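A.B. asks: Okay, here's what each chain looks like letter by letter:
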Amino acid sequence: MGPANSNMYPQVLFKNRHPDRIATFEEYRAGGGYQALADAIAHRTQAEVREIVLDAALLGRGGAAFPAGRKMMTIAEDAPHPRYIICNADEMEPGTFKDRVLIHADPHLLIEGIILAAWSVAADRGIIFIRPEYENAARILEREIGVAKAHSFLGPNILGTGYSFDIVVHRSAGRYICGEVTAQVNALMGQRANPRQPPPYLTQEGLWAKPTLVHNVETLACLPHILQNGADWFKGLARTATGAGTKIFGISGKVKQPGCYELPIGTRLSEIIEACAGGMLDGSEFKACLPGGASTGFLPRQHYHVEMDFDALKKVGNRLGTGAIMVFDHKTCLVAATLNLMEFFARESCGWCTPCREGLPYIRDLLARIEAGEGEPEFVPMLEEMKVHLYRSYCAFAPGAAAPLESLLAHFKEELQEHIREKRCPFKKEPGQGVAELVKPRFIA
Amino acid sequence: MLPKDLRNRLEAEMKHVEHPRELAVDVMFAIQDHYGYLSDEALTEAATMLGMTPLELDELATFYTFTFREPVGKYVIHVCDSVVCWMNGYDSVKDYLCRTLGIGLGETTADGMFTLLPVCCIGYCDRSPAMLVNRRVYGSLTPAKIDEILEKCRSKAREKKLKERSSKLETEG
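Protein sequence lines correspond, in order, to chains R and L. Just so we're aligned: the first sequence equals residues 1 to 445 in the working numbering. Just so we're aligned: the second sequence equals residues 1 to 173 in the working numbering.
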């Protein structure tokens, strides 16, 4: 549980969160749980539900910020069956752990959200695609799906309406690209998880070539509350006119109290760091942060008070991403940090297209040389050029990888050049590691 | 050949799904739980059961982080080396593990007990530096905590061995 400060704001998704245990089905029910589903099925048309979600301006919380209502509406009324809904719980964006915390806090909120989304598009089957590191969360969900079934919120003939829908939990064997929706669908079909380019869109031809809706955990968890309290209420939760709802910010790095805090969209970064995360570690000064996972750029000190909202971050050339805030202090070398991020992307690239497969290791090698004190002035224009190639890739993976590199070049070029000029990393007191130690070998077990 | 009861169990699971190959990962995990890794033989047999060619299944086995095509230790340690763990002490955790176990990354101890591998962000950034041991997470690592975790693994393995020995004696007796 967060400190008192985060409770100054309405707790919506974390309403039933306990510091040390999972909210039970009974607790969820007592707080109005499954009422939104019962009401929607009894009193609303499916089109109305989709309309309300669209009006609520709910943007996808998995990183891409696509309007959830609009995605639901792309499933045609006469689309064939079976229709699938996938809950993307493959939370692999570095720095991100909100979905894990959410599932462990209140699993029925997610289950109800999935059923609501399913009902609104007349889906027949639901799948929760979950990363293998979250085995505990997978077991919790399997158990609670059973409970929901026992109470007729899931399974055949839900609440006596004739609508039948079931959810299974699918465990991945771990690969970042599986979080990309088209790759995820391939993974679910027992194929290598390479992405594929639309059209056809997944909502037309997705899993087993049938209409498929994919939403992130947090996005789905918003649905019961939106349906119960209305679109205007949801929009009113945000502190900015352009935002809607609350957001679970997962903060980590050089702060005193890393963790997940539910706050209104548009809460200032400085407030999240100081009031929720207990401020910077003693002896640490804020230098930059990645505001929403590894696929967002370094946000420099001048934007310390930025409103954490999709629009506000776009205005400063960044993205809210998953809302995973990773805080770097003045003692951390951002060339080395970018090298680490490029190492991640180079390792996790699925290898399908050349710009990504070849471009990322190339960039990683240039950064490793610079960090090791073997950089040359011409490496900087080379980095600039390689960055452009990343945008020529097949899917959004490599453009995401470009973000931290781009921001390093835009805001911390002097730090990069200092490495080259001084022929060493200025953050290391002793001679650092050589290139050989900096470039990690690949392990294929 | 896969043991009969494992084979029966997997075949029963496949009967419940429309497309057996959607269970490819589950099947690989089940085989791995039994043998420790995916041998050529086991992979070929599993592929046939799933209605896939061995090559198609190998495409998956070599793709995923948590499927092993080579023998690994009884305990596979995955140390998170992504950016938050990196800034919070990944290097010293890795160095400590390497020194204590006497192996480098990608290697297995001579007694076949531990394999050490780096892994990308495991989603425990609020408790970094973190690692997984057989996919179970341990966070806020310190040398003392690592010692404790390794010792727990060793004693668990000893207990298991003793149990196996005594049950063997019972059958023979």
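Just so you know, the hints here were simulated from the structure itself, not pulled from any lab data. Only a predicted model underlies this, so the values are computations on that prediction, with no experimental measurement involved. Treat the hints with care, since some could be wrong.
[What the hints assert, rightly or not] Output of the computed footprint for chain L on chain R, the stretches with three or more beta carbons under 8 Å from beta carbons of chain L: (1) 53 to 66; (2) 83 to 95; (3) 162 to 174; (4) 260 to 272; (5) 319 to 332; (6) 394 to 401.
[What the hints assert, rightly or not] Computed list of lysine to any residue pairs in SDA-like fashion (alpha-carbon distance at most 25 Å, straight line): (7) Lys331/R / Arg239/R; (8) Lys387/R / Val316/R; (9) Lys145/L / Val316/R; (10) Lys15/L / Ala138/R; (11) Lys15/L / Glu142/R; (12) Lys149/R / Val17/L; (13) Lys429/R / Met52/L; (14) Lys15/L / Asn186/R; (15) Lys210/R / Lys15/L; (16) Lys94/L / Phe165/R; (17) Lys15/L / Phe165/R; (18) Lys94/L / Thr332/R; (19) Lys315/R / Ala209/R; (20) Lys15/L / Arg369/R; (21) Lys256/R / Leu6/L; (22) Lys210/R / Met52/L; (23) Lys94/L / Pro54/L; (24) Lys94/L / Arg136/L.
Glycine included, C-beta positions come from ideal geometry on N, C-alpha and C.
A.B. asks: Going through the numbered hints above, which ones does this structure break? Give me the numbers in ascending order.
C.D. replies: Of the numbered hints, 1, 4, 6, 7, 9, 13, 16, 19, 20, 21, 23 do not hold.
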